[in-house]
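Chains A and B, in that order, are what the protein sequence lines are. Mapping of the first sequence onto our numbering: position 70 corresponds to residue 70, and the numbering continues sequentially without gaps. Mapping of the second sequence onto our numbering: position 462 corresponds to residue 462, and the numbering continues sequentially without gaps.
Do not rely on the hints blindly, as some may be mistaken.
As the list claims (entries may be wrong) - Not everything, but these chain B residues come out facing chain A in the computed CB check (under 10 Å): (1) Thr383; (2) Asp402; (3) Val453; (4) Gly455; (5) Ser482.
Everything labelled a hint here was simulated from the structure, so no lab data went into it. Every residue, glycine too, gets a C-beta built ideally from N, C-alpha and C.
Single-letter residue listing:
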Amino acid sequence: MKKELTIFDNPQNVKRLRMGFFIALILVLIAEAFVDMHGEFSVEHFYGFYAVYGFISYVLLIFVAKVLRKIIMRKEDYYDQ
Amino acid sequence: MINNMLPPAFILILGAVLIPFIRGRAKSAYMLVLPVIVFITLMKLPVGNVWVIEFWGYEMILGRMDKLSLIFGYVFTIMAFLGVLFALKVKDDLQHVSGLVYVGSTLGVVLAGDFLSLYLFWEIMAVSSTFLIIASRTKESREAGFRYILVHLIGGLFLLAGIVLYVQKTGTLAFDYIGLSGIESYLIFIGIALNAAAIPLHAWLPDAYPNGTPTSTVFLSAFTTKSAVYLLIRTFPGADILLVIGGLMVALPIFYAVLENDIRRVLSYSLMNQVGFMLVGIGIGSQLALNGAVAHAFCHIIYKALLFMAAGSVLQMTGKIKCTEIGGLYKTMPLTCLFCMVGAASISAFPLFSGFVSKSMIISASAQDKFFLIWLVLQFASTGVVDHAGIKVPFFTFFGHDSGIRAKEPPLNMLLAMGTAAALCVGLGVFYQPLYHLLPFAVDYQPYTGAHVVGQLQLLMFGALAFTLLILSGYYVPEVRSRNLDADWTYRKLGRFVYKLLDRSLNSLNLFAEGVLIRFVKSGASFFSRAAIHMVMFCSVNIWLLLGYREKRLGLKKKRLYEDLNGGTLPIGIGAVVAVSFVLLMMVLTQAGYPLW
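Looking at chain A on its own, in the form it has when it is part of the complex (with noise of 0.2 Å):
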């Protein structure tokens, strides 16, 4: 038998990933102070706009999703009935 990876099976590893993962966040706003957005619209010159933008598409996607699913989910063998 193969060893196995069973790196995330410790909580503490995850945790370091999520503390990663949120210190890169915060990088990523603050680079905006450092480079010329320059955008075509006016919006793109608003702080922080891409990463506004990217949650509310992200929630805006699942939760639309969510109401989707109601309207066209079906049982696994819907076409063999």
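We have chain A already, so just place chain B on it with the hints.
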């Protein structure tokens, strides 16, 4: 120089026919060498029209060589090599032969400079890809393959009708930019758009592709849709309707991808989403946008194949592919997991991965021409890609809840294919200059500006933050075994209902029709397919005898071929339909030279 070279389509199609008669290592080597020969041929070809053949008073151009056809030729050939390498250990000649015939016919489509050879290769493509779908030899795959070929035959008829009218009008078979004006252009457009899985003609794709074998779906993912993208770039650049279709394709499939339980169906919807980006680029029509569409097709073919390879490896090693049944596979399949994550980063357009250098071109082009709404939709969809392909596929497959499955890594050839594709994804993301150099228009575009990188990183990472928060709080869409309704409902359920209704109301007529027509057609069709089967059997048996197969081995081979042919009666019958429609086209063409009145 051209005289001693075969057109790439012929190298693969004729080459594929020999595969069943070669054994062992020689067979593997032979299959891998074919795409290499094609690649060398493409590199040596001069610009312009080559292999021009006089045919019934018309010119057939088998090799239209320019920057646009060449870059698609290259990426399809690279893909063929990766696909063959991935499927190398498969003990099923049907898949190997139809796979290479499929690639060959796609190259035929891409290099065709006239409508006659285009249509011929178009139909070979439809038939050979059907064999790849039914290769799983399950009830579902047979039925899905049947629906697939019917839809594509109808699409082919639209294309054919458009071609006939086009030739009547212009008096030439050659084609280049067409543009949407006049009935013939719309018919041609519908025919091509169906192959691009353009909404609302898309349902065949998520219906059929998840039913292929672990290896055949990798082939399927690359060729049909992207050859249609190529044709749209050539014939309908700047068509406004593509902005609408592309916008819908970018936005709608991601909702389905969020809900879907079957990983390969998630990837199929994601494929539609990516083709949507390309269609938007074609719809914008500026040089930057068209370059973006081409570059995105190039990168997409490789990372999408990589994702389908990872999914195929999981399916082959565990026998399962549904989110609800797998999870925690990183423990014993770390390499597959790593390759899958490279594919996920590429499709999400993470900086330093291939999707970033191509997708940003299309988005920049939309901003440059001030398409604000389209730009917002594209950015929204970019976040959507992060969800389904960037996070959902790797997370629920390799992490998530531990399913307890401890499957081994796939065989070396599959790992090598994935490793090469992953290396290409990173390579294209870092060293993008060679790719830009191949694009149809001269490029003055810089993907790695501070604004691009920071904006994209914020978009992706705050999307991922939303995922983290939603899954920790339990608000994320739960994994459920389900079937989600899509446009194929119209012909799978509504169609059946209408049929029953007609059956009841028109019963007497129906009986009559069945008595006379159906029986007549049935016996005719079965005669032809029977004749075809026996002809193939006869030829093969003789060749096997020559090759020294005897007794038991010969019997076994005969039995398998017979079963394959019988099981695949359908595509053979359909081949007959294609042949008949082709003859009809020829008859119309010979008339086209004269005035109609």
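We went through each hint and held it up to the structure:
| no. | hint | result |
| --- | --- | --- |
| 1 | Thr383 | holds (4 Å) |
| 2 | Asp402 | holds (8 Å) |
| 3 | Val453 | holds (8 Å) |
| 4 | Gly455 | holds (4 Å) |
| 5 | Ser482 | holds (5 Å) |
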